[in-house]
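Protein chains: 2
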Amino acid sequence: MTHEQLLERAIRLSIDNVAQGGGPFGAVVARGGEIVAEGVNRVTALHDPTAHAEVQAIRLAAQKLGRFDLSDCVLYASCEPCPMCLGAIYWARLGALYYAATQHDAADAGFDDAFIYRELALTPAQRRLPTATLCREEALEAFRRWREQADRIDY
Amino acid sequence: MTHEQLLERAIRLSIDNVAQGGGPFGAVVARGGEIVAEGVNRVTALHDPTAHAEVQAIRLAAQKLGRFDLSDCVLYASCEPCPMCLGAIYWARLGALYYAATQHDAADAGFDDAFIYRELALTPAQRRLPTATLCREEALEAFRRWREQADRIDY
Chain A
1 MTHEQLLERA IRLSIDNVAQ GGGPFGAVVA RGGEIVAEGV NRVTALHDPT AHAEVQAIRL
61 AAQKLGRFDL SDCVLYASCE PCPMCLGAIY WARLGALYYA ATQHDAADAG FDDAFIYREL
121 ALTPAQRRLP TATLCREEAL EAFRRWREQA DRIDY
Chain B
1001 MTHEQLLERA IRLSIDNVAQ GGGPFGAVVA RGGEIVAEGV NRVTALHDPT AHAEVQAIRL
1061 AAQKLGRFDL SDCVLYASCE PCPMCLGAIY WARLGALYYA ATQHDAADAG FDDAFIYREL
1121 ALTPAQRRLP TATLCREEAL EAFRRWREQA DRIDY
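Going down the list, the protein sequences come from chains A and B. Going by the numbering used here, 38 is the number at position 38 of the first sequence; the sequence numbering is gapless. Just add 1000 to the spot in the second sequence (first one is 1) and you have the numbering used here.
Among the clues, some could well be false.
[Stated by the list, open to error] Residues of chain B clear of chain A, computed beta-carbon distances all greater than 10 Å: (1) 1007; (2) 1018; (3) 1031; (4) 1034; (5) 1049; (6) 1065; (7) 1072; (8) 1108; (9) 1126.
[Unchecked claim] Pairwise CB distance ranges, derived in the manner of DEER restraints: (10) A:4 with B:1021: 19 to 27 Å; (11) A:155 with B:1127: 17 to 25 Å; (12) B:1072 with A:96: 34 to 42 Å; (13) B:1107 with A:1: 34 to 42 Å; (14) B:1021 with A:19: 37 to 45 Å; (15) A:4 with B:1034: 26 to 34 Å; (16) B:1069 with A:96: 27 to 35 Å; (17) B:1064 with A:121: 31 to 39 Å; (18) A:1 with B:1067: 21 to 29 Å; (19) A:137 with B:1021: 19 to 27 Å.
[As the list claims (entries may be wrong)] One-sided excerpt, in silico: chain A residues whose CB lies under 10 Å from chain B: (20) 11; (21) 50; (22) 117; (23) 126; (24) 128.
For the record, the hints were derived by calculation from the structure and aren't laboratory data. None of the values given here were measured: they were computed from a predicted structure. The beta carbon of each residue, even a glycine, is placed where N, CA and C say it ideally should be.
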């Protein structure tokens, strides 16, 4: 399948998902032009605030391939990914991203990803999310043990 | 439990998780000082690049409470959340965030969240992730149908 066909598939998923009571988002993970996994927004159905189409497709693709590294795969999203999904794309090391609608189109439909993008660019103290830090010294112990772990799997 | 005790619980989870072969991260979602759900990093064990401690705790808390809105809950994380987890925190509308170690401590241990923070602040064209846009007009149809959906659940 071509990039355009794979993106059209993600768009088809987004349209069909609205009819099924879900959010207007779809995503496809493909490798060598073949679909590995698909995802749609299931936030309200699953009571899972992280169940965005991209996260769903990434999780399923990683499960199917039996590895968390999807660097040989490409993500096709019906809409520009929000910061959470973009973070997931980086952690999964996806090779490339194609998307159709923009975050501004999403905002027009009531999804304010732009707010989260703005918040992330601020320091914790500047954000609207009340944030406090405590116990830093105690927490460093986990990192010390991690570095000492000879058989750790880096990710 | 106090904020400090809840954060100490998240830190304890992060330390124990290293011994169990997982990443050095733990998180707790609490409501009114009571633990609702706990999470540890399970990326390598589950082959799930999104299975960070915070995401795991948020997903479990939302499932337990039967709703995606956790605005009456607080997240305690052993380390400053990465952009993916911070995005999840905003989508879950958590009321507050407490964390212990910083993203710089995480970077010292080999987890380069800072790279993802820098990438998110760039435009798609500037990012190291190859990104392309296609088919925007076709994708707007999902948003049109979403707006027409009288019984939609906004989130």
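- [ ] Take a look at whether the Cβ-Cβ distance between residue 137 of chain A and residue 1021 of chain B falls inside 19 to 27 Å.
- [x] holds, 25 Å
Task: Consistency of the no-contact label for residue 1049 of chain B, given chain A and a CB cut of 10 Å - done: Non-interface label fails for residue 1049 of chain B: nearest chain A Cβ at 4 Å, not farther than 10 Å.
Task: Beta-carbon spacing of residue 1021 of chain B to residue 19 of chain A - inside the hinted bounds 37 to 45 Å or not - done: holds, 43 Å
- [ ] Indicate whether the distance between the beta carbons of residue 1107 of chain B and residue 1 of chain A respects the range 34 to 42 Å.
- [x] holds, 38 Å
Task: Agreement of hint residue 128 of chain A with chain B interface, Cβ distance less than 10 Å - done: Holds. Min distance 9 Å.
Task: Range hint compliance [Cβ, residue 1069 of chain B to residue 96 of chain A, 27 to 35 Å] - done: Taking Cβ atoms as reference, residue 1069 of chain B and residue 96 of chain A lie about 34 Å apart, which means the hint holds.
TODO: Look at the Cβ atoms of residue 1 of chain A and residue 1067 of chain B and judge whether their distance stays inside 21 to 29 Å.
DONE: Given a distance of about 38 Å, which is not inside 21 to 29 Å, the answer is violated.
Task: Assertion that residue 1065 of chain B lies farther than 10 Å from chain A (Cβ) - done: Since the minimum Cβ distance to chain A is about 8 Å, residue 1065 of chain B lies within 10 Å and the statement is violated.
Open item on the list: Restraint: residue 11 of chain A near chain B, CB-CB cut 10 Å. Satisfied or not?
Closed with: Holds - the Cβ of residue 11 of chain A comes within 10 Å of chain B, reaching about 5 Å at its closest.
Open item on the list: Quick check on residue 50 of chain A please, does its C-beta sit within 10 Å of some C-beta on chain B?
Closed with: At about 5 Å, which falls below the 10 Å cut-off, the nearest Cβ of chain B leaves the hint on residue 50 of chain A intact, so it holds.
- [ ] Please verify that hint: residue 126 of chain A, Cβ, nearest Cβ of chain B, below 10 Å or not.
- [x] At 13 Å from the nearest chain B Cβ, residue 126 of chain A fails the 10 Å test, so the hint is violated.
TODO: Confirm or reject the statement that residue 1072 of chain B sits farther than 10 Å, beta carbon to beta carbon, from all of chain A.
DONE: At about 13 Å from chain A, residue 1072 of chain B clears the 10 Å cut-off, so the statement holds.
Hint check: violations occur at hints 1, 2, 5, 6, 8, 10, 15, 18, 23; the rest are consistent with the structure.
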